[in-house]
Amino acid sequence: MQALRQPRLLAQLILLLLLAAVPPVMTAIDEPFYTSLFTRIMIFAIAAASLDLILGYGGMVSFGHAAYIGVGAYTVGILSFYGVDNGFIQFPLAVLLSAVFAAVIGAICIRTSGVYFIMITLAFAQMLYFLGISLEEYGGDDGMPVYRSEFGGLLDLYDANHLYYLVFAVLAATLYFGHRLVNSRFGMVVRGMKSNSLRMRAVGYPVYWYRLTAYVISGTMCGVAGALFANWSEFVSPDIMHWVRSGDLIIMVIVGGMGTLFGPVLGATAFLLMEEYLPEILEGTAPGAGEHWHFVFGPILILIVLFAKGGIFGLFGGRERGDD
Amino acid sequence: MTEPVLAVEGLVKRFGGLTATDDLSLSVTAGEIHAVIGPNGAGKTTLIAQLSGDLAPDDGRIRFAGRDITGLRADERSHLGLARSFQITSIFPGFPALDNVALAVQAHAGHSFRFWSPARRDAGLREPAMAALDEVGLAARAGIVAANLSHGEQRQLEIAMALATKPSLLLLDEPMAGMGIDESARMIDLLRGLKGRHTIVLIEHDMDAVFALADRITVLVYGRAIATGTPAEIRANAEVRQAYLGDAHVG
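Taken in order, these protein sequences are the chains called A and B.
Count the first sequence with my numbering and you get residues 1 to 324, in order.
Count the second sequence with my numbering and you get residues 1001 to 1251, in order.
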């Protein structure tokens, strides 16, 4: 089992080291844009990895996880609007509010499963999206600018490298915590519920509470990604909660490799790099082709799902045992 | 007479116009294997589903271990000591056999809101799980992914999962379903080994198995219990012979 996992573990460590090397390298070659791009990629990687906890391990297809990115981002945005820029207040509050939203929304959604779960999570996310639009004071449809969080002189998030390493640290912590979680007793219950929830009930698990807890953990981690996103973009708008954003997260998880935690990091990377460069590449082949980049993007995603079983991460060796 | 482990009184379950359980009463005493037999459609699996808590009855009461459990969920009943196997094999196919049983052990080893320590290195789960696998004769297959076990082994695994919850009552829904002769014989041996140590409600089509194992038999026809008695009494019961066994078949 250890041997089976080693190529993957090695791949993870190498890729994390590469990510850690991005800022100095980009500073050296004077390409600061890439530091910013990879900051954004890692923020979505955090969100995708948290979605994977319930989607890949728990079999719960949440089609509304962008809502929690929104809750986290708006927490930072609204506090900033009122002049509260202290990150030590903003981030804990973002965590708390995402947890509360996830608990309330989850308490209702968890009662359903399958297609109904997909639809009801989507419905709640759309509600929050329209709530965002209705918040005229905070820019409504247009959104509003946000000042980056202050950490009492410890970090200067207006320094791109500081922001980068904050996001990197959160990503690394997310992956480590996720790894502990999925192998813990709780993680085994989550996987068991995906495999056979009737049997889980029969052996004595109150599955509702375990599913709800998993959902809240996942939503809360997404909320942290949202708080980071508001800092990165210095802007929040309802657009980050749009259902297409929730769909993007699902695609990142599936393309990267469900039930692997690190796969979604690769998925987010591939997704956002293609989104960034496909138009440019296509424009180079034929003028005007760039704006139709989705026609190429879609089939590429389909091909990855069809031919790379287990997603991109699946190419790094066999699946872990105990996942199905 | 001591109080029965399980007492069912006036149980009724209707599906639209069909009465699947019709004013059914049943009592199971400690230590016995109580078989429930009946033709297809007699309501055996519906009965098990109500006993285990997967299906709510329309009327009647179920008492277990001295308390009314009619309104309890399946997982709550499990914690009172009720365990079941399913007619259609219900396991965690992607997990190794040992993980399947370890999950059952874990359900009864305190809450599982434990997020940090690796469950697969937890001797408190692995050792009892291994013991349960050993009890059903699957110890050598512990590392095999459950989906790759033979059908008979998967049925044994289900029994191991039930035993791992340290139940005071086992509900076995056709444990021999779909088994070959050899596999059936092994399962009968296994159940005979449990006899006396566990109270068992056994639903089974295999009459040889039922008459070999059961201390008492209840015969269901159209959701009603038409007779309860020892195997000899059931064999001799004219109504049962006519309704179910057929005159030619005398066990």
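Since the hints were derived computationally from the structure, they do not count as laboratory data.
Remember, predicted model here, so these are calculated numbers, not experimental data.
Heads up, a few of these hints could be off.
[Stated by the list, open to error] Chain B stretches covered by chain A per the calculated footprint, using a threshold of three residues with CB under 8 Å from any CB of chain A:
#1 1007 to 1017
#2 1074 to 1083
#3 1100 to 1106
#4 1207 to 1214
Ideal placement from N, C-alpha and C gives every residue a C-beta, glycine not left out.
Hints and how they fare:
no. : hint         : verdict
1   : 1007 to 1017 : violated (count 0)
2   : 1074 to 1083 : holds (count 6)
3   : 1100 to 1106 : holds (count 4)
4   : 1207 to 1214 : violated (count 0)
Of the hints listed earlier, those the structure fails to meet are numbers 1 and 4, in rising order.
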